[in-house]
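J.: Heads up: the sequence shown begins at 6 in the working numbering, then just goes up one per residue.
Among the hints, a few may not be true.
To be verified - Listed next, the in silico SDA-like pairs over lysine to any residue satisfying Cα-Cα at most 25 Å (straight line):
(1) LYS240 - LYS90
(2) LYS216 - ASN238
(3) LYS90 - ALA195
(4) LYS119 - LEU104
(5) LYS216 - LYS240
(6) LYS13 - VAL23
(7) LYS107 - PHE29
(8) LYS82 - SER97
(9) LYS25 - ALA195
Hint data in this document are derived by calculation from the structure and do not stem from the laboratory.
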Amino acid sequence: MAVIEVSKVRKSYENIMVLKDISFTVSKNEVVSIIGPSGSGKSTLLRCLINLDQVNEGSIRICENDLVNDGAYSPLKEVKRITSKMGMVFQSFHLFPHLTVKENLELAPKLLKKGSVLEIETRSKHLLEKIGLANRALVYPEKLSGGQKQRVAIARALMMEPEILLFDEPTSALDPELTGEVLEVMRTLAEEQMTMIVVTHEMEFARDVAKKVLFMDHGEIIESGTPDDIFENPKMDRTKAFLNRW
């Protein structure tokens, strides 16, 4: 079953077209990696999926609900309900510096009443154990490494119990030695069959974990297929040229 359906999406900023006729689907429990050079529209695409940016044309369906249909958005209340099915992890961590790790995780669920206080606190404890940071629950973000901060950001997104997780280059702000610990959490989520779209420059992750890979350049999906299709037998010259740099 397709949980994300994108059809002929176009997005421009003033006179600059950043997404050109984007169409693809994501199935339930599927991991999709989006690769391509910087400035190719990858992050903008994610932001449009979760309604941080709005498209000019096209349609986006999330879990069989119309976020936008032929350029017309659903009412705001419906948009909020639809986008609540997704969580997003950004390049920068966006943790609240004045809150502890535990408080960062629990703030949004408590405000939105996503369970009782006890249920929320139990969930945060479980997730901190899952990401290997149970002993850092009462620490403030400034005491964490970059890799630890990103793991907390992932746990915070999971606190809202999303059906889909979007990752916007989650390791790009990290030193190489810290990247592995974040990718390991993401690999675990993939093994647990979390539906994920991952914009990444980590080609090994895209090759080993994704079920589908999209290669974008200049606002277009140039080529898509399985990791074997893209990495072992790319058909398009632009795909080949990009992969030859890695």
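J.: Which hint numbers does the structure go against, in order from smallest to largest?
T.: 1, 7, 8 and 9
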